[in-house]
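J.: All chains, full assembly: derive it from the sequences and hints.
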Amino acid sequence: KKHLTMQSAPDDEELDSLSIRLVGLDENYPVRLNWNDLGVQFSKQSIVVPGDRLTRSREFIPGHGTLRRTVEAGSGNASFAAGRRQKQNDDNAEDNDEDDEDEDEEGAWELAASVAGRQHVVNKLLCVLPGRSRYAGEIGDVVVGRVQEVASRRWRIDANARLQATLHLSGVLLPGEDLRRKSEEDERAMRAVLAEGDLVSAEVQSVQADGSLVLHTRNARYGRLGQGTLVRVPPALIKRSKTHFHSLPCGVTLVLGMNGYCWCGPTPGQSDVREPLASPADRSEVARVRACVRLLAVNHVPLYDTSVMQAYEVARESPVALLSRPDEQLRVARLVAEQLLTAEVGEAQPGGGGFGLHSGDLISGGALSAVH
Amino acid sequence: LLAQLLSEPERQYIFDSVQDAVRIDGRQCLAYRQAALRLDLLCYATASAQVSLGETDVLVSVREEDNPGATAQQQGSTGSVAVQQQQAVSHPVSVWVDCSCLGSGPEQQQLADEAQAHLSSLYRCLRTPTPVFVDILLLGYDGNLLDAASIAASAALMRALPASLLSAQALPLFATVHRIGSQQIVDANQLEESCSMARVTVGVDSNGRLVACQTCGEGSL
Chain L
1 KKHLTMQSAP DDEELDSLSI RLVGLDENYP VRLNWNDLGV QFSKQSIVVP GDRLTRSREF
61 IPGHGTLRRT VEAGSGNASF AAGRRQKQND DNAEDNDEDD EDEDEEGAWE LAASVAGRQH
121 VVNKLLCVLP GRSRYAGEIG DVVVGRVQEV ASRRWRIDAN ARLQATLHLS GVLLPGEDLR
181 RKSEEDERAM RAVLAEGDLV SAEVQSVQAD GSLVLHTRNA RYGRLGQGTL VRVPPALIKR
241 SKTHFHSLPC GVTLVLGMNG YCWCGPTPGQ SDVREPLASP ADRSEVARVR ACVRLLAVNH
301 VPLYDTSVMQ AYEVARESPV ALLSRPDEQL RVARLVAEQL LTAEVGEAQP GGGGFGLHSG
361 DLISGGALSA VH
Chain F
1 LLAQLLSEPE RQYIFDSVQD AVRIDGRQCL AYRQAALRLD LLCYATASAQ VSLGETDVLV
61 SVREEDNPGA TAQQQGSTGS VAVQQQQAVS HPVSVWVDCS CLGSGPEQQQ LADEAQAHLS
121 SLYRCLRTPT PVFVDILLLG YDGNLLDAAS IAASAALMRA LPASLLSAQA LPLFATVHRI
181 GSQQIVDANQ LEESCSMARV TVGVDSNGRL VACQTCGEGS L
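Protein sequences, first through last, are from chains L and F. The UniProt record's numbering puts the first residue of the first sequence at 1, with every later residue one more than the last. The UniProt record's numbering puts the first residue of the second sequence at 1, with every later residue one more than the last.
It should be emphasised that the hints constitute simulated quantities derived from the structure, not laboratory data. Hints should not be assumed to be uniformly reliable.
As the list claims (entries may be wrong) - Partial list, computed: chain F residues near chain L (C-beta under 10 Å):
hint : residue
1    : S7
2    : R11
3    : D25
4    : R33
5    : Q34
6    : V202
Stated by the list, open to error - Residues of chain L clear of chain F, computed beta-carbon distances all greater than 10 Å:
hint : residue
7    : A136
8    : S183
9    : G223
10   : S324
Built from N, CA and C at the ideal position, the CB exists for glycine as well.
T.: Next up, the structure:
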């Protein structure tokens, strides 16, 4: 392969012409944030790959992402057939009492990882949480979804999960009503509430047995999303926080759905019944916030209001179009990551203000995706 | 184009943003995204190039047919056809587009078919003495497939074709202009393409000559 020198774009070039970078296979590629450069170390025991032995102790209950396999005494070879059988029983295994009896008494067994991720121990439950997986959903999560289909008394919603989510007609709060049974006219007028393609913010009401989510919007802050644009990021990067609806001081509303769908739009005024048209200045701010969310996601920085605001502050002076360039994205993300890490170090109380990253965030969310 | 399912407010927001000359990613109407070009990635191709224009990622491999006579004899059923093909001095560039990295649904296949048809007609301006096969693999899509493919294909063709051929006819670069409302934008991303009414793609060579032109869409330009 020929190695080419990378010609970086000159600083004063016009942004309205096409600029092409010649990228060679050298140290400048890939242009992404390397968390190790910032001094973040991962302990060898916490991160596992498929096949790694987790424990031989019987006191642990196998959770998600683990499998049990028998180890023949003396040879140390694992019996993979038994392991595969166990894995099929293991997907929701909280208790292994009713599993195969033939291997319980004889031979040693060990718990091994079946996915790549970090170990997570809660009392006796040992599971492996993958750094990058489909959004699974938990009760109470705020998600942003897109209506795919209007069915009989329900909407089918794409929430970036394995299966389509369901929003029942009984689960929406129609404007101008408190609580009433939905009638025939409501059923026929479903498209007036939410049509195909509409974006909606909702909360997870329950998780069905097959893993599909049931959503509801029975709260004034949920519902159809208006003017704005959607950004899709890996779900693991969204840090769980008290509120996912952020009204940023620059006049932008940011909704960080736990499923990785983030929505940026101009904050609507209170008085108008009809949504007013956004001004060019508002659009520029929305574009800047959108670019900040994207550059943080691309560089595996956990996404929450503080990190997005810090990225916005760093990027406030540059033209928005510059924030689409990988080198500029790296520069901003690196500054944000450094600020978040120093805030964590200087943080005295654990519950103070939500500033800073905790090492759990890095490992569970942002940086672990980078490891992959 | 790969149309996206969008809500009406989203579509209106994109439309109004373009009218206000502040696009979704903050660009001006006539601004391109930054492109990164990598060369010589595939050892089995005569030449290859990869272009990433934003999230649109295109890998192009150019293969020059080594023995055109042999190919013609295999293809032709009669000897006269083979003789005719050996005597022909110019072949059009054969373009193939593969979108399997995006998925296996009907939309992706339609995108591949449309892109192949458009690129084949745009590259009719280029003729080579030996058959040249340009294979385009789409690794990521965020709009403006034609321009990205043309950058990569031109880079690869520049390395594959002999200099004598290149000096006689220049390789075109395509520029696609979409019309949204009353504004024209270049380098539309996938959202903007879903809202555009019509587009025109022009091929311009290094001398500034217009060598190819193609329109698509229902609006007027």
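J.: Which numbered hints turn out to be false for this structure?
T.: 6, 10
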